[in-house]
Amino acid sequence: MDDLLLHTSWLGESAILCQTDAKVLETSIQHRIWALRDLLAACDFVTETVPGMNNILVLIDPEAVDGSGAVTQIQALWRRTSAADIPSRVVEIPVSYGGETGVDLPEVARACNLTPEAYIGLHSAGTYTVFALGSQPGFGYLAGLDPRLAVPRRAVPRPRLEAGAVVIGGAQAGVISRSSPSGWHVIGQTDISFFDPDRNPPALLSPGDTVRFVPKKAL
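Numbered per my numbering, the sequence shown spans residues 76 to 294.
There may be inaccurate statements among the hints.
[To be verified] For each label pair, taking beta carbons as the anchor points, the in silico distance ranges come out as: (1) Asp-266 to Gly-87: 39 to 45 Å; (2) Glu-123 to Lys-291: 35 to 41 Å; (3) Arg-229 to Asp-271: 24 to 30 Å; (4) Ser-199 to Pro-137: 45 to 51 Å; (5) Glu-88 to Arg-287: 25 to 31 Å; (6) Arg-287 to Pro-137: 27 to 33 Å; (7) Ile-267 to Glu-88: 37 to 43 Å; (8) Gly-258 to Asp-96: 36 to 42 Å; (9) Thr-190 to Ala-90: 44 to 50 Å.
These aren't lab readings, by the way, just hints derived from the structure by calculation.
We treat Cβ as the ideally placed atom computed from N, Cα and C, and that holds for glycine.
Between the sequences and the hints, there should be enough to build the whole structure, so can you do that?
Below is the structure:
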């Protein structure tokens with residue numbers, strides 16, 4: 076499609092990590108990653124694909140193809156890809172910002188030279204795209220965070236954040252789907268369940284979905 080290179084590196088004998096040299100997360104690249112995933116699904120030597128943030132992990136059957144042959148075929152498919160048009164929804168997330176369930180908001184806002192109110196305004200004004208699911212069941216990695224809101228992850232992770240915690244980590248936004256340790260900053264809380272094993276499908280979000288945060292209560 077263009078001259079955007081796809082770099083490959085081996086993780087063991089049967090896993091190939093494929094990623095571009097793009098310096099920032101781009102939705103157009105992610106759509107090509109999804110398109111590559113769809114093309115790889117038709118390859119006999121591919122056992123599984125795991126799309127990530129502007130990258131994809133390809134698991135192969137070493138008995139079905141040699142390593143160099145697998146890489147050659149993946150590269151050829153990449154050159155054929157165009158941005159995939161995948162089904163998506165708009166998911167609105169009501170958020171109670173700050174207070175006891177968003178304890179990092181004042182510190183995070185201060186680190187960004189913003190008032191908490193301004194931080195909330197920018198965060199809730201954004202439109203986010205689910206690039207990938209991972210880390211924990213139902214956790215969506217969201218691209219689209221305003222660069223003015225980015226802040227490094229905590230130096231010392233918390234031993235537990237409750238499910239529904241609205242979080243910031245580096246240049247990404249997210250919502251904790253299952254109570255767990257986390258090094259992300261918590262700025263609010265939502266009552267929405269992001270993962271329910273009794274629901275079909277269990278995960279609320281899917282790659283390609285659009286997420287918007289709607290202030291329910293602030294500070």
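Taking 27 to 33 Å as the stated bounds, is the beta-carbon spacing between Arg-287 and Pro-137 within them?
violated (44 Å)
Look at the Cβ atoms of Ile-267 and Glu-88 and judge whether their distance stays inside 37 to 43 Å.
holds (41 Å)
Does the Cβ distance between Asp-266 and Gly-87 fall inside 39 to 45 Å?
41 Å Cβ-Cβ, so the 39 to 45 Å window holds.
Consistency of beta-carbon spacing, Arg-287 to Glu-88, with hint 25 to 31 Å:
Violated, since Glu-88 and Arg-287 (Cβ atoms, about 43 Å apart) do not stay within the stated range.
A range of 35 to 41 Å was offered for this pair. Does it hold for the Cβ distance of Glu-123 and Lys-291?
For Glu-123 and Lys-291 the Cβ distance comes to about 39 Å; the hint holds.
If you check the beta carbons of Thr-190 and Ala-90, does the distance land in 44 to 50 Å?
Roughly 46 Å apart at Cβ, these two residues keep to the hinted range, so it holds.
Using the Cβ atoms, figure out if Arg-229 sits within 24 to 30 Å of Asp-271.
holds (28 Å)
Could you say whether the range 45 to 51 Å given as a hint is met by the Cβ separation of Ser-199 and Pro-137?
holds (48 Å)
Pairwise beta carbon distance, Gly-258 to Asp-96, judged against the given window 36 to 42 Å
violated (27 Å)
Hint check: violations occur at hints 5, 6, 8; the rest are consistent with the structure.
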